[in-house]
Amino acid sequence: MTSSRPSTATSPEPPTAAAGRRARARNGKGGRGGNPYPYLFYVPAGIVYTIVFLVPTIMAFYFSMTRWTLFDSTFVGLENFTDFFAEQNLRIGFQNTLIYAVTTSGLKVVLGMALGVLLTSRIKLRGFLRSVVFFPVLVSTVAVGITFSVLLKPDTGLVNKALALVGISGPDWLGDANTALLSVALVDVWKGVGLATVIYIAGMMSIPRDYYQAVAVDGGGAWHRFRFVTLPLSWPATNSVIILSFIGGLRSFDLIWTMTRGGPGFTSDVIASIIYKQYQAGFFGLSTAGNVILFIVVTALVVPLTRFLSAREVAA
Amino acid sequence: MRALRRSGPELVVVLLAVVIFVVPFSFMVLTAVKDEVQSAELDFGWPTSWPIVQNFVEVIEARDYVLLRAFLNSTILTVVAVTLLVVFCSMAGFVLQRRAGRMRSVVNFLVLSGLIIPPAIVPTIWVLQTLGLFKTLPGLIFVEVAFHMSYSVLLYRAFVAAVPRELDEAAMIDGCTGFRLFFKVIFPLLRPVTITVILTTSVAVFNDFVNPLYFLPGDENATVQLTLYNFQSQYSTQWNLLFMDIVLITIPPLLAFIFFNRKIVAGMTAGAIKG
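Taken in order, these protein sequences are the chains called A and B.
The opening position of the first sequence corresponds to residue 1 in my numbering, with each subsequent residue numbered one higher.
The opening position of the second sequence corresponds to residue 317 in my numbering, with each subsequent residue numbered one higher.
Bear in mind the hints are in silico, worked out from the structure with no lab data behind them.
Careful, some of the hints might be misleading.
What the hints assert, rightly or not - Some chain A residues close to chain B (C-beta under 10 Å, calculated; not the full set):
#, residue
1, F41
2, Y42
3, V55
4, S64
To be verified - Computed far set for chain A versus chain B, every beta-carbon distance over 10 Å:
#, residue
5, G106
6, S169
7, V215
8, L309
For every residue, glycine included, the Cβ atom is placed at its ideal position computed from N, Cα and C.
Make the full structure from the sequences, and use the hints.
Put into structure tokens, the structure is as follows:
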């Protein structure tokens, strides 16, 4: 890239000398001090990344096919994987992971966009509302999890007491197999929607005002402004929110673990919580098989999703 | 009348937001300052007595001052991990943006992989065990650095793109290349993005629960998030202390939020859109 630039522009030296130096820079060797952008700069980050992330990720494929105690391992082929899918409880985890990721990212898109529209409008207390919606993003997940498990308790919980005031008797949110996973997903949305909102706000603020004026000239109202300007032009924001929250949803563990421990029974287990349970039980091979499955699920879904979304972005 | 019609829906929305987002936090604080008996009711009632200091002291003294040690551990963890992240990722992001070649596509691929791939837990434990770093603070520090690396490199790469190359060239003419070029000329210019990286990654590392749970278990060198997790089972009767712990742990992110709200939001949205 450097070399394509006319060489005399910034250089007080004779052109030939500067060009020579630049040629050396391009080769990456020779000259005093070598390349001005040495690959040596990758080394510290590269060492940590390789040892702590890359090696375990690659070794996981081998260890997932073993019975393993950390100190020695016996090769058992695909047994761990067949175990994983043969057991009802583990299959539920697989299903729940998908439900959880789809629900949380879907709700974050819808609510994040709604809040984004609201908080870019000329509403009073806008700054206050933005802060209030965003703050949960910075609070620890464990703290949020504990607080909401208390608020969602069946008899004493604030949520059911509030519902009782309007004559609804709320369920045992976290203790009922039908609502446990969904309740955790809703708390996840509560905690994460602030991030989606600020992404949307950033996207919507960058939409030129002329478009809105054009709609006004054509006699369009608020709905037209949203439908024909805000919605299509905040597509890049939607794109990021979907990808971010979908990856986060697939990998989610801490909130589910603090709120339900995967219960009641195994009904709200996800792959990540099964990995932890198998690890605690000492089934390291099986736990790692869970990790490999999660890896495959994430890449198999996220890579095509990214392609699809960015293709749409170009089209739009 | 028109004023009412305009501000009517507004009022509803503001009220809703307050109920949904402010009530849980008020509940935390109220429960933290109640006495043991009243806090067990777990309702939204106004405290009948205010044993704030007593609750504070009790939660600090609990289990031989585990919370103080946890705060110390979390501080060391956050400061060291974030420092390493800033130094390593700014260097990597700089070369990644400036130097074309096959190496660049390899590194870009690795950075994106780091963003997407969930870490393989037990194999990581195995690696740390082999190096003698499992269940040690340095081990956890390296884990945090590795897992937050991709995000930070992307932020730095994006920011370096806005630093004009003419600057590098001028410095090179003065004989500055490599380390001197970077640390004397470029790094000081990256200050805004460095602040963003510091803020977002320290909140993430300080709030991290999963990695300490796996890689630094046990009570003697717990991090703050783990004390919460451990108190949860131990203090099923002393809700006031559990919530006092929650409040204390929420103070550092709250301070970051009060002073650097804009920076944090800017960093998170930039990271999201670039990533």
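To see whether the hints hold, each was checked on the structure:
1. F41: 4 Å, holds
2. Y42: With a closest approach of 5 Å, the Y42/A hint holds.
3. V55: Holds. Min distance 6 Å.
4. S64: 9 Å, holds
5. G106: 17 Å, holds
6. S169: Nearest chain B Cβ is 17 Å from S169/A, so the label holds.
7. V215: 21 Å, holds
8. L309: Given a closest Cβ separation of 13 Å, the condition holds.
Checked against the numbered hints given earlier, this structure breaks none of them.
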